[in-house]
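Engineer: Residue numbers (this note's numbering), protein chains in the order written: chain X, 6 to 292; chain Z, 6 to 292.
One should not assume that every hint holds.
Identical chains blur together in the list; that is why a pair holds if it fits in one copy or across any two.
[Said to hold, decoys possible] Taking lysine-lysine and the DSSO-like style, the derived pairs with C-alpha atoms no more than 30 Å apart in a straight line are: (1) 192 <-> 49; (2) 216 <-> 66; (3) 291 <-> 261; (4) 126 <-> 261.
Hints listed in this document are in silico derivations from the structure and should not be mistaken for laboratory results.
Protein chains: 2
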Amino acid sequence: MEKLPLEQCHWIDEVHDGVRYGLQGEVLIDEKSAFQKITVIESKRYGTSLLLDGCWMTAEKQEKHYHECLVHPALCSSQQLKSILIIGGGDGGTARECLRYHEVEHLDLVEIDARVVEISKKYLPHIGGKAWTDTRLNLKITDGINWVKAASDESYDVILVDSSDPTGPAQGLFNRDFYKECRRILKQGGVFATQSESPESFRQIHIDTVKLIRELFDHADPLYGWVPMYPSGWWSWTFAAVDKPRYLHPILSRSKEVSKNCEIWSTNWQQGAFAAIPAFIERELKL
Amino acid sequence: MEKLPLEQCHWIDEVHDGVRYGLQGEVLIDEKSAFQKITVIESKRYGTSLLLDGCWMTAEKQEKHYHECLVHPALCSSQQLKSILIIGGGDGGTARECLRYHEVEHLDLVEIDARVVEISKKYLPHIGGKAWTDTRLNLKITDGINWVKAASDESYDVILVDSSDPTGPAQGLFNRDFYKECRRILKQGGVFATQSESPESFRQIHIDTVKLIRELFDHADPLYGWVPMYPSGWWSWTFAAVDKPRYLHPILSRSKEVSKNCEIWSTNWQQGAFAAIPAFIERELKL
Chain X
6 MEKLPLEQCH
16 WIDEVHDGVR
26 YGLQGEVLID
36 EKSAFQKITV
46 IESKRYGTSL
56 LLDGCWMTAE
66 KQEKHYHECL
76 VHPALCSSQQ
86 LKSILIIGGG
96 DGGTARECLR
106 YHEVEHLDLV
116 EIDARVVEIS
126 KKYLPHIGGK
136 AWTDTRLNLK
146 ITDGINWVKA
156 ASDESYDVIL
166 VDSSDPTGPA
176 QGLFNRDFYK
186 ECRRILKQGG
196 VFATQSESPE
206 SFRQIHIDTV
216 KLIRELFDHA
226 DPLYGWVPMY
236 PSGWWSWTFA
246 AVDKPRYLHP
256 ILSRSKEVSK
266 NCEIWSTNWQ
276 QGAFAAIPAF
286 IERELKL
Chain Z
6 MEKLPLEQCH
16 WIDEVHDGVR
26 YGLQGEVLID
36 EKSAFQKITV
46 IESKRYGTSL
56 LLDGCWMTAE
66 KQEKHYHECL
76 VHPALCSSQQ
86 LKSILIIGGG
96 DGGTARECLR
106 YHEVEHLDLV
116 EIDARVVEIS
126 KKYLPHIGGK
136 AWTDTRLNLK
146 ITDGINWVKA
156 ASDESYDVIL
166 VDSSDPTGPA
176 QGLFNRDFYK
186 ECRRILKQGG
196 VFATQSESPE
206 SFRQIHIDTV
216 KLIRELFDHA
226 DPLYGWVPMY
236 PSGWWSWTFA
246 AVDKPRYLHP
256 ILSRSKEVSK
266 NCEIWSTNWQ
276 QGAFAAIPAF
286 IERELKL
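Turn these sequences into a full structure, and let the hints guide you.
Structural biologist: Rendered as structure tokens:
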């Protein structure tokens, strides 16, 4: 495809509460699936980029900021890694990072919208990469809420919720019933993790999410990083475990396998980032 | 002033390399000073906000993200706090945070552009707050480069460079000659700190700045945080010291005085944040 000169490109923005973040580029696809509006652009700065319902989801040159921070603190600290569940994550990036661990035997990727997977495979093939052809991957196009309800007790070593914001199809992934089911199906030595929104742009949702997960699991803590294309650029993930806060302590023999190719994540980064709780959040979580 | 309904407000954007960050609001002032274009808007989301040469500088409801991270790691760890120098910082926020320490006896605030100070006092009075009438403040409207050249050896306990990006009037604040002068005028037990750009949007400038400061001072380390209105939202500050990396270790008796009113900064946050070096930066700094 021939590229337009930059000055002829459009701005594609996500607008949130009087703030906008835009990338200059060409729209490649803009369609409505059964669940949401799906837009793909070719951006100058971050390569091919995906929006769902007008919100930035991922981009070729920005996806590691998000996927590494969701995946590695969980997979480096869970006692075992035989069986992994991803809810959402239809772009394949979370699955790709998980499947870098040779200990993973089976990965259920449960995405509600088949078009997100089809479009990601076609326009963002490097995000899923080898995951799409990995024999350990079990892709299920179905509702993640029903999937966790139907799953057996203590059946997963790691559960990762890789969802969009709590409106539209992801609404049911931010509430007590869903998290309770996740706790039920998590193994004793396992780790649960979810993206937990921006502490700046979705402050109350973020704090309520951390508090709720902390109440339902015995241990839970937020981790903060940077995803420039998400509202405010300041993003969070929340990790939980049943037996002890094992997500704070990466297993070093395992982390060596993955850290070499990472942009953001390292065991050093993770341990610092868990300690670096902004003052207002530390106060809120003590209430 | 009567406020326009949001739908009648304009978007005011900073554009950088195919990315834009915009706030919806009304333009209050837009003028050219002797040094730069100065714009003030009333934004819906972050209150009154300042741009210099089209780049976001600060906003009433976002300034603590920046000022706390520049000031407190330095002032909480310098051996003494008698004499402080701020280069830039014409909005007064850095001075305000410094003057919260009763140990500070004298603070030179050296800003090149008188209009930035005048406009900040008028439109953003809460950012400078009580600093503007504090008898310890010595406001000098002059070139910071000449100021440091003329200063005596080892004359400041803390030096803070609170500048805009390295183009326009701030260009001379990001080079070897300037940092060498800063090292010369810093006391033995003192701390130097500068904003050091975004590791995402200005990656090479950031890394070069950290390496240069590390070469000239005996100890230097970057710290990462979040300023949503700056390019990528991911921002950095670099701290340096001559005798030991004392900026890593806040003096707890002193930090108690300031931590109560902070949004982001706390001793816990600081110690975690210094440890949380993203993997690609850790690799670059080892080269």
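Engineer: Would you list, in rising numerical order, the hints stated earlier that this structure does not obey?
Structural biologist: The structure breaks only hint 1.
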